[in-house]
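Produce the entire structure from the sequences given, and follow the hints as far as they go.
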Amino acid sequence: MKRIAVAVAFAACALGAAAQQPPAAGQNPRDVVPDKMPFDVPYGAPVSLDRAQAAINAAVAESKKRGWKMNVAVVDSGANLVAFARMDGAQLGSIAIAEHKARAAAKFRRETKLFESGIQEGNLHYLLTLDDVIASRGGILIIDNGQIAGAVGCSGGTGSQDEVACKAAIEAVTKR
Amino acid sequence: MKQRPMLTLEDCKKITAAAEAEARRNNWNVCIAILDDGGHLLHLARMDGATPANSRIAVEKGRTAAETRRSTANWQERVAKRTELLRMPGVTPVQGGLPIVVDGTCVGGVGISGVQSHEDEQIAAAGIKALG
Chain V
1 MKRIAVAVAF AACALGAAAQ QPPAAGQNPR DVVPDKMPFD VPYGAPVSLD RAQAAINAAV
61 AESKKRGWKM NVAVVDSGAN LVAFARMDGA QLGSIAIAEH KARAAAKFRR ETKLFESGIQ
121 EGNLHYLLTL DDVIASRGGI LIIDNGQIAG AVGCSGGTGS QDEVACKAAI EAVTKR
Chain W
1 MKQRPMLTLE DCKKITAAAE AEARRNNWNV CIAILDDGGH LLHLARMDGA TPANSRIAVE
61 KGRTAAETRR STANWQERVA KRTELLRMPG VTPVQGGLPI VVDGTCVGGV GISGVQSHED
121 EQIAAAGIKA LG
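The listed protein sequences derive, respectively, from chains V and W. Under my numbering, the residue at position 15 of the first sequence is numbered 15, and the numbers go up by one with no gaps. Under my numbering, the residue at position 130 of the second sequence is numbered 130, and the numbers go up by one with no gaps.
No lab work stands behind these hints: they were computed from the structure. Relax, there's no trap hidden among the hints.
Cut-off 25 Å, straight-line C-alpha distance, at most; resulting in silico cross-link-like pairs (PhoX-like, lysine-lysine):
1. 65(V) with 13(W)
2. 14(W) with 65(V)
3. 69(V) with 13(W)
4. 113(V) with 36(V)
Stretch by stretch, here's where chain V covers chain W in the computed footprint (C-beta under 8 Å, at least three residues):
5. 8-20
6. 28-42
Over 10 Å on every C-beta distance to chain V, these chain W residues come out as not near it, computed from the model:
7. 5
8. 87
9. 94
10. 101
Even glycine gets a Cβ: it sits at the ideal position worked out from N, Cα and C.
Below you can see the structure in the form of structure tokens.
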């Protein structure tokens, strides 16, 4: 019962569901039809190489400060690789994961953390069957004036460490 | 115990900066990829105006050079004479990829994509030169 409640909460959040129409008792929460599209963020102009490198430098600086070894990838608004850096001693397996996280964030227009929590807390296992999903935090969008410019993906440590590095990158290149 | 030199992130930044400068001097927009001696990506920079395909191709040229310890131009020449070499797995036989050789040891490769193949190689060479 509790699980279902959490699942409903995630579905409402993930799908931007009409909160005014909670599913009736016994109804499959995924049968609810929300009025609006979820994560309806337009794809905008691609991030420049300068900003992509600034994002990477920030993630690397934050990781260095903490003694972490990260792989950091930046993709543009078309989810294609713009810049990448592997810190000295970072694990090889995370090269592909860093790019995958960035790509998935851009392709699905949301943080990859939402896939992780959807599966772990929301019990939405079907998310793993969607093409090119990666259910691990550390992939975050670069948004310019409400439009997607690209995304950053970090991998090498725990998901929580990856996310810290990723947030440092986003913080450094977000226009105010 | 045998020791081997390894590229650091600082080395990669040096190579990329020099390659990028060479490209800019000529008004070229390219992608610069650096891979280690195992063919694993270390560093990538796609200049504004270069295409998504340039990212992929630069990585594959660099991987070919790093893993086979020879330039992709060499592969291109050999493929021209022996077509069957096109079947070599994991080889991109198009000029623009160079191995990075330090003290006789291959420590990785640089791949460039974006302009004419010989120009791509010119950029790769300028990048490697910056290592000293």
